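One letter stands for each residue in the lines below.
There are 2 protein chains.
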Amino acid sequence: MTISKAYADLERRGRIVRRQGLGCFVAPLKDGKQEAGDYRAGNAGRAGEWGYGDGNKSENHWEEKGGGSRSSGRNAIQKESGARRKFAWQEDYGDYLPRAQLWRNFDYSEAEYSFHLAAIHSGMLPLKEIGEAMTMLVAKRPELMSVYGNFQGDLGLREVMTTHLRARGIPLSAANLMITSGAQQGIDLVARTFVGPGDAVYLEAPSYTGAIDVFAGRGAEMISVPMDQDGMRIDLLTKLCDRRPPKLIYTVPTFQNPSGVTMSMERRQRLLELARSYRCLIVEDDPFSDLYFYSPPPSSIKSMDKEGHVIYMKSFSKVLAPGCRIACVAAEGDILERLIAAKAASDLGSPLLNQLAVLPFIAGKYDAYTKELRAALRSRMEKAARLLKRHAPQGVEWRLPGGGLNLWLELPNSVNIGELYRRASRQGISFLAGHVCHAGEPSSSHIRLCYAQMEEEQMERGLLLLMPLLKEAMNDRMM
Amino acid sequence: MTISKAYADLERRGRIVRRQGLGCFVAPLKDGKQEAGDYRAGNAGRAGEWGYGDGNKSENHWEEKGGGSRSSGRNAIQKESGARRKFAWQEDYGDYLPRAQLWRNFDYSEAEYSFHLAAIHSGMLPLKEIGEAMTMLVAKRPELMSVYGNFQGDLGLREVMTTHLRARGIPLSAANLMITSGAQQGIDLVARTFVGPGDAVYLEAPSYTGAIDVFAGRGAEMISVPMDQDGMRIDLLTKLCDRRPPKLIYTVPTFQNPSGVTMSMERRQRLLELARSYRCLIVEDDPFSDLYFYSPPPSSIKSMDKEGHVIYMKSFSKVLAPGCRIACVAAEGDILERLIAAKAASDLGSPLLNQLAVLPFIAGKYDAYTKELRAALRSRMEKAARLLKRHAPQGVEWRLPGGGLNLWLELPNSVNIGELYRRASRQGISFLAGHVCHAGEPSSSHIRLCYAQMEEEQMERGLLLLMPLLKEAMNDRMM
Numbered sequence: 001m002t003i004s005k006a007y008a009d010l011e012r013r014g015r016i017v018r019r020q021g022l023g024c025f026v027a028p029l030k031d032g033k034q035e036a037g038d039y040r041a042g043n044a045g046r047a048g049e050w051g052y053g054d055g056n057k058s059e060n061h062w063e064e065k066g067g068g069s070r071s072s073g074r075n076a077i078q079k080e081s082g083a084r085r086k087f088a089w090q091e092d093y094g095d096y097l098p099r100a101q102l103w104r105n106f107d108y109s110e111a112e113y114s115f116h117l118a119a120i121h122s123g124m125l126p127l128k129e130i131g132e133a134m135t136m137l138v139a140k141r142p143e144l145m146s147v148y149g150n151f152q153g154d155l156g157l158r159e160v161m162t163t164h165l166r167a168r169g170i171p172l173s174a175a176n177l178m179i180t181s182g183a184q185q186g187i188d189l190v191a192r193t194f195v196g197p198g199d200a201v202y203l204e205a206p207s208y209t210g211a212i213d214v215f216a217g218r219g220a221e222m223i224s225v226p227m228d229q230d231g232m233r234i235d236l237l238t239k240l241c242d243r244r245p246p247k248l249i250y251t252v253p254t255f256q257n258p259s260g261v262t263m264s265m266e267r268r269q270r271l272l273e274l275a276r277s278y279r280c281l282i283v284e285d286d287p288f289s290d291l292y293f294y295s296p297p298p299s300s301i302k303s304m305d306k307e308g309h310v311i312y313m314k315s316f317s318k319v320l321a322p323g324c325r326i327a328c329v330a331a332e333g334d335i336l337e338r339l340i341a342a343k344a345a346s347d348l349g350s351p352l353l354n355q356l357a358v359l360p361f362i363a364g365k366y367d368a369y370t371k372e373l374r375a376a377l378r379s380r381m382e383k384a385a386r387l388l389k390r391h392a393p394q395g396v397e398w399r400l401p402g403g404g405l406n407l408w409l410e411l412p413n414s415v416n417i418g419e420l421y422r423r424a425s426r427q428g429i430s431f432l433a434g435h436v437c438h439a440g441e442p443s444s445s446h447i448r449l450c451y452a453q454m455e456e457e458q459m460e461r462g463l464l465l466l467m468p469l470l471k472e473a474m475n476d477r478m479m
Numbered sequence: 001m002t003i004s005k006a007y008a009d010l011e012r013r014g015r016i017v018r019r020q021g022l023g024c025f026v027a028p029l030k031d032g033k034q035e036a037g038d039y040r041a042g043n044a045g046r047a048g049e050w051g052y053g054d055g056n057k058s059e060n061h062w063e064e065k066g067g068g069s070r071s072s073g074r075n076a077i078q079k080e081s082g083a084r085r086k087f088a089w090q091e092d093y094g095d096y097l098p099r100a101q102l103w104r105n106f107d108y109s110e111a112e113y114s115f116h117l118a119a120i121h122s123g124m125l126p127l128k129e130i131g132e133a134m135t136m137l138v139a140k141r142p143e144l145m146s147v148y149g150n151f152q153g154d155l156g157l158r159e160v161m162t163t164h165l166r167a168r169g170i171p172l173s174a175a176n177l178m179i180t181s182g183a184q185q186g187i188d189l190v191a192r193t194f195v196g197p198g199d200a201v202y203l204e205a206p207s208y209t210g211a212i213d214v215f216a217g218r219g220a221e222m223i224s225v226p227m228d229q230d231g232m233r234i235d236l237l238t239k240l241c242d243r244r245p246p247k248l249i250y251t252v253p254t255f256q257n258p259s260g261v262t263m264s265m266e267r268r269q270r271l272l273e274l275a276r277s278y279r280c281l282i283v284e285d286d287p288f289s290d291l292y293f294y295s296p297p298p299s300s301i302k303s304m305d306k307e308g309h310v311i312y313m314k315s316f317s318k319v320l321a322p323g324c325r326i327a328c329v330a331a332e333g334d335i336l337e338r339l340i341a342a343k344a345a346s347d348l349g350s351p352l353l354n355q356l357a358v359l360p361f362i363a364g365k366y367d368a369y370t371k372e373l374r375a376a377l378r379s380r381m382e383k384a385a386r387l388l389k390r391h392a393p394q395g396v397e398w399r400l401p402g403g404g405l406n407l408w409l410e411l412p413n414s415v416n417i418g419e420l421y422r423r424a425s426r427q428g429i430s431f432l433a434g435h436v437c438h439a440g441e442p443s444s445s446h447i448r449l450c451y452a453q454m455e456e457e458q459m460e461r462g463l464l465l466l467m468p469l470l471k472e473a474m475n476d477r478m479m
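Protein chains in written order, with the UniProt record's numbering: chain F, 1 to 479; chain W, 1 to 479.
Errors might be hidden in some of the hints.
No distinction is drawn between identical chains; accordingly, a pair holds when it is met within one copy or between any pair of copies.
Straight-line distance between alpha carbons at most 30 Å, and here's what the computed BS3-like set of lysine-lysine pairs gives [unchecked claim]: (1) K239 / K86; (2) K389 / K471; (3) K383 / K306; (4) K86 / K306; (5) K128 / K86; (6) K86 / K365; (7) K371 / K471; (8) K239 / K371; (9) K383 / K471; (10) K365 / K140; (11) K371 / K86; (12) K306 / K128; (13) K383 / K86; (14) K140 / K128; (15) K239 / K128; (16) K371 / K383; (17) K365 / K383; (18) K239 / K383; (19) K471 / K365; (20) K306 / K140; (21) K140 / K86.
Because the hints were derived from the structure by calculation, they are not lab data. Treat the numbers as computed from the prediction; the structure is a model and nothing was measured.
Pulled out of the complex, with its shape left as it was, chain F reads as follows (with noise of 0.2 Å):
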């Protein structure tokens, strides 16, 4: 009670930033810099928060605390403002929150030159032909807007995506899938039905940090593991699994976001033997296979599963209108009954309209488009790589993606990422700092640039415009 106390008191005169379950660390001296990854304008900004170079160390472990009592403080900040001060008992108000970076990471961005978010520019898209067939269903069939449909999805779109699913080598019926808002909801959907504390959850490093916040809000356990060339080093996740038995894994393992790289086959028939035979789930995120510029990925996971072990999600936003968030859960059996239970308590199903406005183009226009969309993305990509390449300071290291949408940048180890990024928000440039895709340890030398999130002109520009700060940010090393 005392030490709790003096933490208190600490927290209070801003020395230390506390996290429910998190453990204590430093607060970040105050220098008058706003941190340039939090958007909330107007609000007390929490310290330390972005935790970079300022001898933060935080364990992104998830205590369970006997006795469930959870009033031990928690993140109080310098309050400023009189006005915040009524509301002080909200400090001790416990909550079961992770250390999230997704929101402080993602949001909407005022960048002029933006990198940040693994997007596809509006330009590209076919908005036209899906903002038609909303115009059409709302002309034709207004009631769609007054009905909650079925919380599985509706049955149509479900029938259109087996179709898709299908040619992809996915025999699935439409009675196993579920339709949810964009990828991230699947997969909230699937660590709020089968994680909880202390499960191990195996995952690459990096990953894609929305997930790797997901499985943080639930206490899991995240074991990373390491990749080379050919995706997840199997070998190794299997010793890991030896003395940490999963509850589940979770890959992106084409084209993986942020890395790039994909699996390789065998490497994906392993993964599915090791699944069966510790009896658990694999999470396979799917957004990027049909992106690919050079040769066609290798089958996915869940085309290989005969046994339910593979919950596989294709985020159709991302590649037809992410501001409409669809996506498809495929899963079978038992397991896929408890994914829709979730999602009815989550928000009892996604805007009917939304799906139908997407339901005609995946069924008759996808595939055609795509193709294109690969090219285009193909040119982008290499017009990117030459420009690095030109450019780019000796020391930056960096692999030719097979398909997706962003190139990740290896920086020498010593380069002081937060402060590129500030220096880089500065000149309106945004980027993905790596340390947001790793769970846990939160030091990375990477960054992640998204070639497709901008005209290609401006990409272009912003690109030549980062270069030098990443040369200034090398050589402040040197010093």
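Put chain W on the given structure of chain F with help from the hints.
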């Protein structure tokens, strides 16, 4: 271990049904009757989940098990098809789902006479206006479909809602509001952020099924507080809180769902006082306050809240276009910030187009529209009530609601509502069985009828068809 195996064996033989953390209950005899509430055609139903009159008992507590091992057996069912046998491993795959009622009682229904959903018939909704707004947006700002919105919700819509809330005594700024995909998601975000295993959540008995499911899913200890004609019995709540301090209090104070009861002003004040003294949160779920029939309801609890104890939720879906899934959550201080983080991890934000499609209507026409809607709903309610008065068998009781969408009928308590439900659905009539509105103890002698879900004449025909079934059910018990 031996006991565990014995249970697993019993499960496999279909004699008992186990649910993770819910204890065991005896499976109903297989009598060939398909459960009426189970929409999952083609899937083996989970035996015993309906839980009527078969001597089923389940404790609705989430027992935190030590050590995190969750692989004990669960929900094994009579596996009829060999095809399902290959998924047998799934039976032992632990989850964190409660015995949810929502998804099996509210899904898209084929009922000819639908009384089960608290919803407004499409003919009464402003779908034309909202549709036109959507069409215009799609034509003029197609890029809206391509962007991830702000996690907190579109600023323009939040500003419109600010005006709306100010006119209702809640003078908050747009920074204090968050847009969610329906109030269901709002409740879910609060629960996932602030409620965990063993936390005490107080709520009215009866209450909204969707909220019960969500809190159960978090492993909360739900404590039901009886109501009278002035709403939740705050005197009893106070006594209960003496013994078990509340983490959160969930209430629908105005035209409560399902009972229709409105909490008095005095109790609202006392409830807020209680929350202050316990430093806890109140979730004020307010879908119906604009739908009053006689006089406006008392001010919201949020309007009296100076210290951020109340999270106020207002569904716009319900009254404008349920299919658009738009609700507003008002909260203050750090509590709101944490909810936004949860929203981000949950789905990256609600679809922007849907948000902007309802904006002009809420800004310009909402008040005139709800004035007309109130009159129309009142007329319907009174028609339904007259019809009941004339044709309902003696012993059925109800109170005229002062607003909202539902009639809450009390039947003599020995009526077998499960049997009534089955007979009604054979005639194409759906209603909500009262037991799903109770946390824990699944017995109830109430049914909820929504008088707004159908065309008026259809509603009247449905009621006339239902009355003889009520009579029959009441005669049954006499024998």
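Exercise. Okay, which hints does this one fail, numbers in order?
Worked result: 3, 5, 6, 7, 8, 11, 12, 13, 15, 18, 19, 20 and 21
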